[in-house]
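Undergrad: Spelled out from the first residue to the last, the chains are:
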Amino acid sequence: MSKVVEISPTTRHEGHSKLVLKVNDEGIIERGDWLSITPVRGVEKLAIGKTYEQVPKIASRVCGICPIAHTLAATEAMEASMGVEIPDDAYLLRIILQCANRLHSHALHDILALPDMYLPGTDSKINPFSPEEPVRSVAKRIQTLRMIGQTIGEIVGGEAVHPSNTRVGGMYKNITPRARTKIYDLAKQALPLARAQMEFMIAVFENYGKRDWAEMCGREVTIPKTLGFHDQGYMATDPCYGSSSLDEHPTWDPARWLEVRPWDWYMGEEEITLEDPAYPVGGTTKAGGKAWPQMQACTGVPLYDGQPVEVGPRARLATYRNYDRKGAIGLNIAREMEYMDSVYKMIEAADAINTSGSVVADVIPQGDGSIGWAANEAPRGTDVHLAKVRNGKVEWFSMLVPTTWNFPTCSRALTGAPWELAEVIVRAYDPCVSCATHMIVLDEDNRLVAQKLLE
Amino acid sequence: MDGLFPEVIIAGVGNELFGDDGFGPAVIRALSEHELPDNVKAMDVGLGGPHLVFSMIDPEETKKLIIVDCMDFGGKPGNLTKIPVDLLPEGREERYMDAHSGNLLDPIGRLKGKMDIIILGCQPAYIPAPDSEEFALELTPEVQGAIPKTVSIILKEVGS
Chain E
155 MSKVVEISPT TRHEGHSKLV LKVNDEGIIE RGDWLSITPV RGVEKLAIGK
205 TYEQVPKIAS RVCGICPIAH TLAATEAMEA SMGVEIPDDA YLLRIILQCA
255 NRLHSHALHD ILALPDMYLP GTDSKINPFS PEEPVRSVAK RIQTLRMIGQ
305 TIGEIVGGEA VHPSNTRVGG MYKNITPRAR TKIYDLAKQA LPLARAQMEF
355 MIAVFENYGK RDWAEMCGRE VTIPKTLGFH DQGYMATDPC YGSSSLDEHP
405 TWDPARWLEV RPWDWYMGEE EITLEDPAYP VGGTTKAGGK AWPQMQACTG
455 VPLYDGQPVE VGPRARLATY RNYDRKGAIG LNIAREMEYM DSVYKMIEAA
505 DAINTSGSVV ADVIPQGDGS IGWAANEAPR GTDVHLAKVR NGKVEWFSML
555 VPTTWNFPTC SRALTGAPWE LAEVIVRAYD PCVSCATHMI VLDEDNRLVA
605 QKLLE
Chain F
964 MDGLFPEVII AGVGNELFGD DGFGPAVIRA LSEHELPDNV KAMDVGLGGP
1014 HLVFSMIDPE ETKKLIIVDC MDFGGKPGNL TKIPVDLLPE GREERYMDAH
1064 SGNLLDPIGR LKGKMDIIIL GCQPAYIPAP DSEEFALELT PEVQGAIPKT
1114 VSIILKEVGS
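Those protein sequence lines, which keep their order, are chains E and F.
Quick note: the first sequence uses my numbering, first residue 155, plus one each step.
Quick note: the second sequence uses my numbering, first residue 964, plus one each step.
Take these hints with a grain of salt, some might be off.
As a list, the in silico EDC-like pairs of lysine to aspartate or glutamate whose alpha-carbon atoms are at most 16 Å apart [as the list claims (entries may be wrong)]:
| id | chain 1 | residue 1 | chain 2 | residue 2 |
| --- | --- | --- | --- | --- |
| 1 | E | K294 | F | D1079 |
| 2 | F | K1045 | F | D1021 |
| 3 | E | K547 | E | D516 |
| 4 | E | K440 | E | E429 |
| 5 | E | K294 | F | E1120 |
| 6 | F | K1027 | F | E1120 |
| 7 | E | K172 | E | E429 |
| 8 | F | K1004 | E | E207 |
| 9 | E | K547 | E | E207 |
| 10 | E | K204 | F | E1023 |
| 11 | E | K327 | E | E353 |
| 12 | E | K379 | E | E360 |
| 13 | E | K204 | E | E429 |
| 14 | E | K294 | F | E1101 |
| 15 | E | K327 | E | E423 |
Simulated coverage check for chain F against chain E, where a stretch passes if three residues somewhere in it have a Cβ under 8 Å from a Cβ of chain E [as the list claims (entries may be wrong)]:
| id | segment |
| --- | --- |
| 16 | 971-984 |
| 17 | 1016-1027 |
A short list of chain E residues far from chain F (calculated; beta carbon distances all over 10 Å) [stated by the list, open to error]:
| id | residue |
| --- | --- |
| 18 | V197 |
| 19 | L200 |
| 20 | T205 |
| 21 | E313 |
| 22 | A314 |
| 23 | A357 |
| 24 | D392 |
| 25 | Y395 |
| 26 | E429 |
Hints are computed from structural coordinates only; laboratory data are not their basis.
We treat Cβ as the ideally placed atom computed from N, Cα and C, and that holds for glycine.
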């Protein structure tokens, strides 16, 4: 006899989401639904009628964690619609910004994931804010990596959090030779820290993967060796940066994308029949209440080739590097493996930049209403923005952000896990939920078919 | 500023899409017209302040944190208040939640007592409800009018 347990809200990520889990008598998840319950932000609607310069700035405010990815994706969606080719040096600056964002974000993810983990060789859970060694040194290293990422982002992007130097057509300003030297210095400072952090975190995740149990709700819960496994595909557009409809060989195809209603995907109304007050942060939802994921989910469900897909670090490594480690631990380790590339890529881009070069396109057409898209490989995965710009004004704008892609895939990855470890799986996806909420587009039959606008 | 971590941080918190919630970022923009001492960094931290900045601060290097935000303290729109950190409820060290549910208290709770924390709040006049479809890209005149005084208070705090 299945029981239903609800964890709401889920914690240690950005935004509001919840888990509705149908479990068997042993507490193993038979079906799990992870859904956004963040109210609709309406950014896509707000964008209509605004200028192509305003919309990337608006898009950057949709979420507090990845404003850089949203700025870049929105800017390039405008450029794709308007047919603007940016100069090489502007592209190199954007690469640095992208990598700085990834360095900062991955380090932040370590803070979110660590409290689930144990110090290798002990049964002590890691509190990343502990003043005790060895965790204090790890926390300091994480802080330093984040500060380096943020500082490089500020040098290139103009501001630490919301880049103001990016613009449609390129960048407002090139960097000075002195700023380039500063980027080198900071990146070189980051290299040994990133390596040490990667090695530490991989050891921690491997240790968790080898453990038999984790302490949850005051009891020992068995960790399955298949924690977080799924059989869905991967979607990535580039190992580092992304793709757009202006590319000669685009690596994302809107014809393969379909978005369906949450009604068609999530569970129907369920009575909550299992509760555990000992679950962290106030216990699970009390029994007797109702959960109705179909009605409560605030996102559409995007499919690629008719299926949910995983996006993010593992998708990038699986697509471009033959990485094949599955499950929550495999995903966490893949993220750590991107540390070094982020730093080396920044150095390469800084090397290649001509600091005297122009960073703004000579001609910026105002748009004829053509559809354009840009897919940015944000830290959490492919962040696709689509736009139509006519005479300088945005006529249509849509954001298919990483966690929107990951919600249904991660939901499938919950099957087979003890319900108490569902959040460990969710956190492996490094969720960033707020921006995943977006306006839906209905056709004449009230079905959501956003791709119809691509005609 | 030689070190990576600034000695004094001014953090403007808020979302410019939601009317007077954009007060913090607007103050940071206004501050950019003033020359700040080398040991001071002013940042528009948007709506990710706790994750993006407050969890990143190293108390061994940063000695003062000034947070600028809109805040309902029962004043008239545009009124300013300065809240000593001791007046805030306790943070919950063991309860690390997300950026929304966790609000500012948890990260501040971790920094409390380790540095001088000043919170400058401005009474908002209008903030659209987050679950509505309303947006307001401008501050109300009352809150806009509070910016010069806020800047002046901050400049005094940082000795500029």
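Undergrad: Now, for every hint given, state plainly whether the structure supports it.
TA: Verification of the supplied hints:
At roughly 20 Å between alpha-carbon atoms, K294 of chain E and D1079 of chain F are farther apart than 16 Å, so this suggested pair is violated. With a C-alpha separation of about 23 Å, the suggested pairing of K1045 of chain F with D1021 of chain F is violated against the 16 Å cut-off. Restraint check: the Cα-Cα separation between K547 of chain E and D516 of chain E comes to about 20 Å, which exceeds 16 Å; the hinted pair is violated. Distance hint between K440 of chain E and E429 of chain E is fulfilled; the C-alpha atoms sit about 5 Å from each other, no more than 16 Å.
Between K294 of chain E and E1120 of chain F, the direct Cα distance comes to roughly 28 Å. Violation of the 16 Å bound is thereby established for this hinted pair. A threshold of 16 Å between alpha carbons decides the hint, and for K1027 of chain F with E1120 of chain F the separation of about 10 Å falls inside it, so the pair holds. Using a Cα cut-off of 16 Å, the hinted pair K172 of chain E and E429 of chain E holds, with the two alpha carbons roughly 15 Å apart. With a CA separation close to 27 Å, the supplied pair K1004 of chain F and E207 of chain E exceeds the 16 Å bound.
For the hint linking K547 of chain E to E207 of chain E, the alpha-carbon distance of about 9 Å falls within 16 Å, and the restraint holds. Of the pairs offered as hints, the one joining K204 of chain E and E1023 of chain F is violated, with about 45 Å between alpha carbons and a cut-off of 16 Å exceeded. In summary, the hint linking K327 of chain E to E353 of chain E is not supported, as the alpha carbons are separated by about 37 Å, beyond the 16 Å threshold. Distance hint between K379 of chain E and E360 of chain E is fulfilled; the C-alpha atoms sit about 11 Å from each other, no more than 16 Å.
This hinted pair does not check out: K204 of chain E and E429 of chain E have alpha carbons roughly 47 Å apart, beyond 16 Å. Distance restraint check for K294 of chain E and E1101 of chain F: the Cα-Cα separation of roughly 38 Å exceeds the 16 Å cut-off, and the hinted pair is therefore not satisfied. Between K327 of chain E and E423 of chain E, the direct Cα distance comes to roughly 54 Å. Violation of the 16 Å bound is thereby established for this hinted pair. By the rule of at least three residues with a Cβ nearer than 8 Å to a Cβ of chain E, the coverage given for the segment 971-984 of chain F holds, with 3 such residues.
Coverage of the segment 1016-1027 of chain F by chain E holds in this model, with 5 residues showing a Cβ closer than 8 Å to a Cβ of that chain against a need of three. At the 10 Å boundary, the C-beta of V197 of chain E falls inside the reach of chain F, the nearest C-beta of that chain being 7 Å off. Taking the minimum C-beta to C-beta distance to chain F, about 5 Å, the non-interface status of L200 of chain E is violated against the 10 Å cut. Separation of T205 of chain E from chain F is adequate, the least Cβ-Cβ distance of about 12 Å exceeding the 10 Å criterion.
Once the 10 Å rule is applied to beta carbons, E313 of chain E is inconsistent with being away from chain F; the minimum gap is 6 Å. A beta-carbon of chain F is positioned within 10 Å of the beta-carbon of A314 of chain E; the least distance is around 5 Å. Every Cβ of chain F is farther than 10 Å from the Cβ of A357 of chain E; the closest lies at roughly 22 Å, confirming the non-interface assignment. Residue placement check: D392 of chain E keeps its beta carbon more than 10 Å from all beta carbons of chain F (closest about 25 Å).
With a cut of 10 Å on Cβ distances, Y395 of chain E stays outside the contact zone with chain F, its closest approach being about 22 Å. Non-interface call for E429 of chain E relative to chain F: holds, since the shortest CB-CB distance, roughly 19 Å, exceeds 10 Å.
The structure fails hints 1, 2, 3, 5, 8, 10, 11, 13, 14, 15, 18, 19, 21, 22 (numbered hints given earlier, in ascending order).
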